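Undergrad: Sequence:
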Amino acid sequence: LRVKVLEVDQVQNRLVLSEREVTQKEELADKRKSIITFEKGEKVSVVVTNMASFGVFVAVPAGEKKLDGLIHISEVAWEKTADLSGMFEVGQTLDAIVIGFDKEGKRVDLSIKRLTQDPFEAISEKYAVDTQINGKVISVGAQGLDIELSDGVSGFIRKEKLPPTVTYTEGDSIKATVIKVDKRKQRVELAPVL
8 LRVKVLEVDQ
18 VQNRLVLSER
28 EVTQKEELAD
38 KRKSIITFEK
48 GEKVSVVVTN
58 MASFGVFVAV
68 PAGEKKLDGL
78 IHISEVAWEK
88 TADLSGMFEV
98 GQTLDAIVIG
108 FDKEGKRVDL
118 SIKRLTQDPF
128 EAISEKYAVD
138 TQINGKVISV
148 GAQGLDIELS
158 DGVSGFIRKE
168 KLPPTVTYTE
178 GDSIKATVIK
188 VDKRKQRVEL
198 APVL
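Quick note on the numbering used here: the sequence shown kicks off at 8 and runs consecutively.
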């Protein structure tokens, strides 16, 4: 047996040993070696093992072994996903892309949405900076106005960009200029045209 010495008691002439710590360390080393064989951007076929509110747990085949993987809820689809129930079933096979590894080497981080091009890329070309657009106010908040543009794209006008003498209500039509395209938030930032 390969064991690790946990305690030496010279008074009672006794050793406390652990085989489990050695085997766990070897299993972790094997997992790390398997993970190293994967590269970021590599497409893999995985099997759903469990689901949680924050993501989908999967088994990633790595030779004869299977590694644990996670597809975070933010990596399921380009659109915002609030609930995963009904989207996947345990045992279902999925295609995914490797996007990273956790620090201990125990898990592969994966993405489904990155198998396709971000639809916001084409939208961001349509709404180039300094483009004038027409939209409809869909909500008025403390931070500013949410504006509905075409193609289901949302725009936003910050409170500080609004003229103090003009008030807006839901449903108002508004003309605005694109000042920034925020790809991370998938939102077009606007300034009103007076």
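These aren't lab readings, by the way, just hints derived from the structure by calculation.
Certain hints may be false.
[Claimed, not checked] Once the Cα atoms are required to be at most 27 Å apart in a straight line, the calculated BS3-like pairs of lysine-lysine come out as:
| # | residue 1 | residue 2 |
| --- | --- | --- |
| 1 | Lys-87 | Lys-72 |
| 2 | Lys-133 | Lys-72 |
| 3 | Lys-120 | Lys-73 |
| 4 | Lys-47 | Lys-11 |
| 5 | Lys-11 | Lys-87 |
| 6 | Lys-11 | Lys-50 |
| 7 | Lys-133 | Lys-168 |
| 8 | Lys-11 | Lys-32 |
| 9 | Lys-120 | Lys-87 |
| 10 | Lys-168 | Lys-47 |
| 11 | Lys-50 | Lys-192 |
| 12 | Lys-120 | Lys-192 |
| 13 | Lys-133 | Lys-113 |
| 14 | Lys-120 | Lys-133 |
| 15 | Lys-166 | Lys-192 |
| 16 | Lys-190 | Lys-166 |
| 17 | Lys-143 | Lys-166 |
| 18 | Lys-187 | Lys-120 |
| 19 | Lys-133 | Lys-47 |
| 20 | Lys-187 | Lys-143 |
| 21 | Lys-87 | Lys-133 |
Keep in mind that this is a model prediction, so the values were computed, not measured.
Undergrad: State for each hint whether it applies.
TA: Hints, one by one, checked against the model:
1. For the given pair, Lys-87 sits about 33 Å from Lys-72 by alpha-carbon distance, which is inconsistent with the 27 Å threshold.
2. Between Lys-133 and Lys-72 the alpha-carbon distance is near 47 Å, which puts this suggested pair outside the 27 Å criterion.
3. Pair hint Lys-120 plus Lys-73 holds up; C-alpha atoms about 22 Å apart against a cutoff of 27 Å.
4. In summary, the hint linking Lys-47 to Lys-11 is not supported, as the alpha carbons are separated by about 35 Å, beyond the 27 Å threshold.
5. The hinted pair formed by Lys-11 and Lys-87 fails the criterion: a straight-line CA distance of about 48 Å is larger than 27 Å.
6. Restraint check for Lys-11 and Lys-50: the C-alpha separation of about 39 Å exceeds 27 Å, so the hint is violated.
7. The suggested pairing of Lys-133 with Lys-168 holds, with an alpha-carbon distance near 22 Å, which does not exceed 27 Å.
8. In summary, the hint linking Lys-11 to Lys-32 is supported, as the alpha carbons are separated by about 11 Å, within the 27 Å threshold.
9. Straight-line distance between C-alpha atoms of Lys-120 and Lys-87 comes to about 11 Å, which keeps the hinted pair within the 27 Å bound.
10. Restraint check for Lys-168 and Lys-47: the C-alpha separation of about 41 Å exceeds 27 Å, so the hint is violated.
11. Between the alpha carbons of Lys-50 and Lys-192 the distance comes to roughly 26 Å, so the proposed pair stays at or under 27 Å and holds.
12. About 15 Å separates the Cα atoms of Lys-120 and Lys-192, which keeps this hinted pair within 27 Å; it holds.
13. Note on Lys-133 and Lys-113: the hinted pairing is violated, with a Cα-Cα distance of about 42 Å set against a maximum of 27 Å.
14. Among the hinted pairs, Lys-120 with Lys-133 is consistent with the structure: their alpha-carbon atoms are about 22 Å apart, no more than 27 Å.
15. With a C-alpha separation of about 18 Å, the suggested pairing of Lys-166 with Lys-192 holds against the 27 Å cut-off.
16. This hinted pair checks out: Lys-190 and Lys-166 have alpha carbons roughly 21 Å apart, not beyond 27 Å.
17. Restraint check for Lys-143 and Lys-166: the C-alpha separation of about 16 Å stays at or below 27 Å, so the hint holds.
18. Of the supplied pair hints, the one linking Lys-187 and Lys-120 holds, its CA atoms being roughly 24 Å apart against a limit of 27 Å.
19. For the suggested pair Lys-133 and Lys-47, the alpha carbons sit about 30 Å apart, so the restraint of at most 27 Å is broken.
20. The hinted pair formed by Lys-187 and Lys-143 meets the criterion: a straight-line CA distance of about 18 Å does not exceed 27 Å.
21. Annotation: proposed proximity of Lys-87 to Lys-133 holds, straight-line Cα distance about 21 Å (limit 27 Å).
When the structure is compared with the earlier hints, violations turn up for hints 1, 2, 4, 5, 6, 10, 13, 19 and for no others.
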